[in-house]
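Visitor: What follows is the residue order along each chain.
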Amino acid sequence: MTETLFEKIWNSHVVVERENEPSLIYIDRHLIHEVTSPQAFDGLRVNNRKVRRPDLTVATIDHNVPTTDRSLPMIDETSSTQIKTLEQNCQDFGIKLFGINDPNQGIVHVIGPQLGITLPGSTIVCGDSHTSTQGAFGAFAFGIGTSEVEHTLATQTLWLEKPKTFEIIATGKRKNSFAVTSKDIILSIIKQIGTDGGTGHVLEYHGDAISDLSMEQRMTICNMSIEAGSRAGLIAPDEKTFDYLNNRKFTPKNYDELVDDWKNNLMSDANSKFDKSFTIDVEKIEPQVSWGTNPAMVSDVTSKVPTPEEFGHNNEIQIESAKKALSYMDLKPDTAIVDIPIDRVFIGSCTNARLEDLKDAAEIVKGKTVNSAVSAMVVPGSQMVKLQAEELGLDKIFKDANFEWRESGCSMCLGMNPDILKPGERCASTSNRNFEGRQGSGGRTHLVSPVMAAASAIAGHFVDVREWC
Amino acid sequence: MKPFSKIISIITPFDKANVDTDQIIPKQFLKLITKSGFGKFLFYDWRFNHDGQKKTDFILNDSYYQDSQILVTNENFGCGSSREHAVWALKDFGFDVIISPSFADIFYSNCFKNGVLPIILDIQNIKKLLQFKDKVELDLHSQTIIFGSESITFEIDLHRKIRLLEGLDDIDLTLKEDDKIGIFEKNSSRISIFE
Chain A
1 MTETLFEKIW NSHVVVEREN EPSLIYIDRH LIHEVTSPQA FDGLRVNNRK
51 VRRPDLTVAT IDHNVPTTDR SLPMIDETSS TQIKTLEQNC QDFGIKLFGI
101 NDPNQGIVHV IGPQLGITLP GSTIVCGDSH TSTQGAFGAF AFGIGTSEVE
151 HTLATQTLWL EKPKTFEIIA TGKRKNSFAV TSKDIILSII KQIGTDGGTG
201 HVLEYHGDAI SDLSMEQRMT ICNMSIEAGS RAGLIAPDEK TFDYLNNRKF
251 TPKNYDELVD DWKNNLMSDA NSKFDKSFTI DVEKIEPQVS WGTNPAMVSD
301 VTSKVPTPEE FGHNNEIQIE SAKKALSYMD LKPDTAIVDI PIDRVFIGSC
351 TNARLEDLKD AAEIVKGKTV NSAVSAMVVP GSQMVKLQAE ELGLDKIFKD
401 ANFEWRESGC SMCLGMNPDI LKPGERCAST SNRNFEGRQG SGGRTHLVSP
451 VMAAASAIAG HFVDVREWC
Chain B
470 MKPFSKIISI ITPFDKANVD TDQIIPKQFL KLITKSGFGK FLFYDWRFNH
520 DGQKKTDFIL NDSYYQDSQI LVTNENFGCG SSREHAVWAL KDFGFDVIIS
570 PSFADIFYSN CFKNGVLPII LDIQNIKKLL QFKDKVELDL HSQTIIFGSE
620 SITFEIDLHR KIRLLEGLDD IDLTLKEDDK IGIFEKNSSR ISIFE
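Protein chains in written order, with our numbering: chain A, 1 to 469; chain B, 470 to 664.
Next comes chain A alone, as it looks inside the complex:
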């Protein structure tokens, strides 16, 4: 019988399976951060339970951290308490923590792969929905709630109903592979399948247009799988995957042996059956810009803000949502996307703050200056990304252009630290969610790729970055 990649990973992690019941699935990697874990550790304490496998568990601090000078005391007392709580919990329960001043600190989904903690064929969880990022390595990686964090800490397993499978076939070649990025591919997919198109499913991406992508670009695709409602995103590992993970800090000692095994096993069998399928031709994809308040409300950069009817077709609920979104975003239908002015630019987040993202953005910015009406910042995805970027002189390019160059963290993707939009401010953001108030109460988010964000920062409004390179 043929099996999909997801089914192979699932089957090799089943601890208990009974008819018509969820299965007990073993978890290989558990990543922890400060926001969704304190109540889980409390639960362990109350019930006098231990962490079953500290050696499969690792923690970092990313959501709350200031991205300004970290030698200064933190102003926000509640954030500070949450961070201290994680430090204490890691100490009490014997968990390795990459703390606020650790060179390996960074956004949890950026450091997992970067440190070689993420492995093909493994099951990976974290109390954060963007855990799906790590599916780019052929792992079943998914976000969980705090109760499941506690459950994983105590038992190293989770009760799961087996998700369905959904293949996304991406064919063709991007017309301008510098200006049209994997961010544009995933935004186009979400625009078409909808924010709940993947609910209850694991998306497996394949096809020439996926093989063509670098590991960092693939991570952007898997990262935003959750924005299509899916449980996880998955890409079968190949030579690029194995090269990426080679010689990382925590790459396993018997790596070559593992790679041989992965090469033979980690792919969907030919003719394996998926529950759903969707094909996209990337040749037709343009740079994308979101105009609304969910990640399916997206337009081509050369087009206009749609009318609610054009967006919702005959679906009353969608038409109503679009009306509400346009009102929140203070946009009128038929406005050309390139005529939308911006106040802020945020290059950062687990979606688009890895080294390649910063390199590409710097390529656009080099020798230019941020528009005087715009305030722009770059927040590297991890301290290691920051250091590598500085070794390449990218920090200087950004700073010379009047970008702020910050320390790593989740920052303005969700604005839990002081990096937030003011009410009414409009931001070109490389992050993943354009929900109302996501980047600050009353703030307006437009999702774009790093090169689109960089070019828009210079111009002061959205531009077709294909004309810049």
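Just so you know, the hints here were simulated from the structure itself, not pulled from any lab data.
Note that the Cβ used here is the ideal one computed from N, Cα and C, for glycine as well.
Treat the hints loosely; a few may be bogus.
Only part of the chain A face toward chain B is listed, based on derived beta-carbon distances under 10 Å [stated by the list, open to error]:
(1) HIS13
(2) PRO38
(3) GLY127
(4) PHE142
(5) THR146
(6) SER147
(7) GLU148
(8) TRP159
(9) THR199
(10) PRO252
(11) ILE317
(12) GLN318
(13) ARG433
Straight-line alpha carbon distances no greater than 30 Å define the calculated DSBU-like cross-link-like pairs of lysine-lysine that follow [stated by the list, open to error]:
(14) A:LYS304 / A:LYS173
(15) A:LYS50 / B:LYS582
(16) A:LYS304 / B:LYS485
(17) B:LYS649 / A:LYS253
(18) A:LYS323 / B:LYS524
DEER-style ranges, computed between Cβ atoms [unchecked claim]:
(19) A:SER327 / B:ASN530: 38 to 48 Å
(20) A:ASP330 / B:SER658: 52 to 62 Å
(21) B:ILE652 / A:ASP330: 57 to 67 Å
(22) A:TYR328 / B:ASN530: 11 to 21 Å
(23) B:HIS519 / A:LYS263: 53 to 63 Å
(24) A:MET1 / B:ASP526: 34 to 44 Å
(25) B:LEU627 / A:GLY442: 42 to 52 Å
(26) A:PRO341 / B:LEU644: 49 to 59 Å
(27) B:ASP608 / A:GLY442: 35 to 45 Å
(28) A:THR2 / B:ASP608: 40 to 50 Å
(29) A:GLY442 / B:ASN530: 14 to 24 Å
(30) A:GLY442 / B:LYS649: 47 to 57 Å
(31) A:PRO418 / B:ASP526: 30 to 40 Å
(32) A:GLU404 / B:ASP608: 55 to 65 Å
Starting from the known structure of chain A, arrange chain B on it as the hints suggest.
Guide: Okay, now just chain B, sitting in the frame of chain A:
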């Protein structure tokens, strides 16, 4: 967890689609390190003006609905962030049941861990419930909602139903399988991060 019992309550009609967890509980309230007290922050930006005054036109500020235990809403409820704080806020505010044509996966799972029952109904029944003003009777045991002279049955996974009805603790149940977890680890050794 308290066992889930029969509910007799009016419905709070909340006819919105794609309600994300950022709206249910905005990020500034995720810094607490306890599970309690999130109700007062529920739908904060929709409930309150910038000056902290309640918005009079928002349904959750209408005193008619203040004792309602049932929220009826539209598709893809609870999408976005995995924050369980969203369920803690809904529960603390007084909602024990959320009824929608569809839920986001993580939110759906989070509900059961906190004694909140998420019910999936088709759009026709949702429309009827959104308009029903009197008290409804909701019984998980028989999987029925009785409203006026009508009755709807709903589907729910048996395993999850039993856990809710008995208020069982997931970890206690899993630890009964401890020997099987041990055997699994022995048969296929897991790669330690720090070998």
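Visitor: Compare the structure with each hint and give your call.
Guide: Structure-based check of each hint:
| no. | hint | in the structure |
| --- | --- | --- |
| 1 | HIS13 | holds (8 Å) |
| 2 | PRO38 | holds (4 Å) |
| 3 | GLY127 | holds (6 Å) |
| 4 | PHE142 | holds (8 Å) |
| 5 | THR146 | holds (4 Å) |
| 6 | SER147 | holds (4 Å) |
| 7 | GLU148 | holds (7 Å) |
| 8 | TRP159 | holds (7 Å) |
| 9 | THR199 | holds (6 Å) |
| 10 | PRO252 | holds (5 Å) |
| 11 | ILE317 | holds (5 Å) |
| 12 | GLN318 | holds (7 Å) |
| 13 | ARG433 | holds (6 Å) |
| 14 | A:LYS304 / A:LYS173 | holds (25 Å) |
| 15 | A:LYS50 / B:LYS582 | holds (20 Å) |
| 16 | A:LYS304 / B:LYS485 | holds (26 Å) |
| 17 | B:LYS649 / A:LYS253 | holds (28 Å) |
| 18 | A:LYS323 / B:LYS524 | holds (20 Å) |
| 19 | A:SER327 / B:ASN530: 38 to 48 Å | violated (20 Å) |
| 20 | A:ASP330 / B:SER658: 52 to 62 Å | holds (57 Å) |
| 21 | B:ILE652 / A:ASP330: 57 to 67 Å | holds (60 Å) |
| 22 | A:TYR328 / B:ASN530: 11 to 21 Å | holds (19 Å) |
| 23 | B:HIS519 / A:LYS263: 53 to 63 Å | holds (57 Å) |
| 24 | A:MET1 / B:ASP526: 34 to 44 Å | violated (57 Å) |
| 25 | B:LEU627 / A:GLY442: 42 to 52 Å | holds (45 Å) |
| 26 | A:PRO341 / B:LEU644: 49 to 59 Å | holds (58 Å) |
| 27 | B:ASP608 / A:GLY442: 35 to 45 Å | holds (43 Å) |
| 28 | A:THR2 / B:ASP608: 40 to 50 Å | holds (44 Å) |
| 29 | A:GLY442 / B:ASN530: 14 to 24 Å | holds (19 Å) |
| 30 | A:GLY442 / B:LYS649: 47 to 57 Å | holds (51 Å) |
| 31 | A:PRO418 / B:ASP526: 30 to 40 Å | holds (32 Å) |
| 32 | A:GLU404 / B:ASP608: 55 to 65 Å | holds (57 Å) |
Comparing the model with each earlier hint shows violations of hints 19, 24; every other hint is respected.
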